[in-house]
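Line by line, the protein sequences are chains A and B.
Per our numbering, the first sequence runs over residues 90 to 206.
Per our numbering, the second sequence runs over residues 26 to 135.
No false leads were slipped in.
Computed footprint of chain A on chain B, listed as stretches where at least three residues anywhere in the stretch have a Cβ under 8 Å from a Cβ of chain A:
#, region
1, 52-60
2, 67-73
3, 116-129
Okay, derived cross-link-like pairs now, DSS-like style, lysine-lysine, Cα gap no bigger than 30 Å in a straight line:
#, chain 1, residue 1, chain 2, residue 2
4, A, 130, B, 26
5, B, 67, A, 98
6, B, 26, A, 129
7, A, 156, A, 129
8, A, 125, A, 160
Rather than coming from a laboratory, the hints here were simulated on the basis of the structure.
Glycine is no exception: its CB is placed at the ideal position from the N, C-alpha and C atoms.
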Amino acid sequence: DTAVSQTPKYLVTQMGNDKSIKCEQNLGHDTMYWYKQDSKKFLKIMFSYNNKELIINETVPNRFSPKSPDKAHLNLHINSLELGDSAVYFCASSPSLPGQGTGNTIYFGEGSWLTVV
Amino acid sequence: KQEVTQIPAALSVPEGENLVLNCSFTDSAIYNLQWFRQDPGKGLTSLLLIQSSQREQTSGRLNASLDKSSGRSTLYIAASQPGDSATYLCAVDRTYKYIFGTGTRLKVLA
Numbered sequence: 090d091t092a093v094s095q096t097p098k099y100l101v102t103q104m105g106n107d108k109s110i111k112c113e114q115n116l117g118h119d120t121m122y123w124y125k126q127d128s129k130k131f132l133k134i135m136f137s138y139n140n141k142e143l144i145i146n147e148t149v150p151n152r153f154s155p156k157s158p159d160k161a162h163l164n165l166h167i168n169s170l171e172l173g174d175s176a177v178y179f180c181a182s183s184p185s186l187p188g189q190g191t192g193n194t195i196y197f198g199e200g201s202w203l204t205v206v
Numbered sequence: 026k027q028e029v030t031q032i033p034a035a036l037s038v039p040e041g042e043n044l045v046l047n048c049s050f051t052d053s054a055i056y057n058l059q060w061f062r063q064d065p066g067k068g069l070t071s072l073l074l075i076q077s078s079q080r081e082q083t084s085g086r087l088n089a090s091l092d093k094s095s096g097r098s099t100l101y102i103a104a105s106q107p108g109d110s111a112t113y114l115c116a117v118d119r120t121y122k123y124i125f126g127t128g129t130r131l132k133v134l135a
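In isolation and in its complexed conformation, chain B is listed as follows (with noise of 0.2 Å):
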């Protein structure tokens, strides 16, 4: 059964850090996996998709890695701003559904 775990449960960091989110999945086998946004009171933003072929993806200050091997994802925040603050959730697709993480609340402090 897939499992999907996001560390840290929450995170707080003065603005301009930067900043790693991880995301640890127990099955291998996938075939994508997504980082998503979530605002209070909101739906979910897709922010980044890698392929099970690929690596990284880069999409502004955002970058972020796969390794399949080893089951984990990072999504890297540069220059961490005040907006940054949400929660953010990492993806797998298995056969037939999305799995999500647990989530990492971020706030960023101006």
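With the rest of the complex left out, here is chain A (with noise of 0.2 Å):
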């Protein structure tokens, strides 16, 4: 059973377009977030969720829109598609946020590649 689920694992897209990335979590945490994987595999937060709600917008573009329709989804909107958006984007959970507590291991899902041309 995946415990972090995100799909689709690749999308290939045109300049302009919109799309979606889903994510699900059945490991029963509060905290979900969207991790952006650049080409030289640097890892950086772009937001984080705790029962629902916004808790960091790491000053992402107004085109990604993150909408967490409970704790255990958190879905990634992005409009107008860049050729810059190209990126693997990474879903992961933790029992609850960092900072909160020790022991607070964060789990990651496969990632999605996307690339826009």
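Please assemble the complex out of the two chains, which come individually in their own frames, going by the hints.
This is the structure we're talking about:
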């Protein structure tokens, strides 16, 4: 049983299109995240949610809009895709927010490879 | 601002060697430090988590140490195997987010 699952795994789309990536976790965690990994493999946080509430928006363009219908799901919608949006997007979850206690392991999905042409 | 750096960026070693990967962070006010492994085309798998009150954690051939005061952690891999080839990342948690290091790409040659 996959703990954090995201779909689709691969996505090739043209500039200007709108696309969504879905994420679900079955771990019962309160906190979910979206991370972006660029071509140099650097992993940077985009958003974090806790119990469906937005906690962090790390200066991400307004074209990116996360939505959390419940605490087990965190979807990412991207409008007007640009070439620079090409990257791997990782969904992750943890029992609680970082900085709120020790032993807070974060679990990652397998990633969604987005290519904008 | 917390910055996390990993040295070396890439490492190639023959099978059987013991090796050390380094992680440095600029702000010692962390709760946890985690080490992850990322295989090509895959997500990140947590290897070890060290709580701020701990000095080290061990799992099989892996041993991770933490020195908060100096802002350093090391991941020691004993008797390396080709299956250990992957990118290794460390991450520290600050308020509301995990901050990842730049990664070390390890290749163990058979």
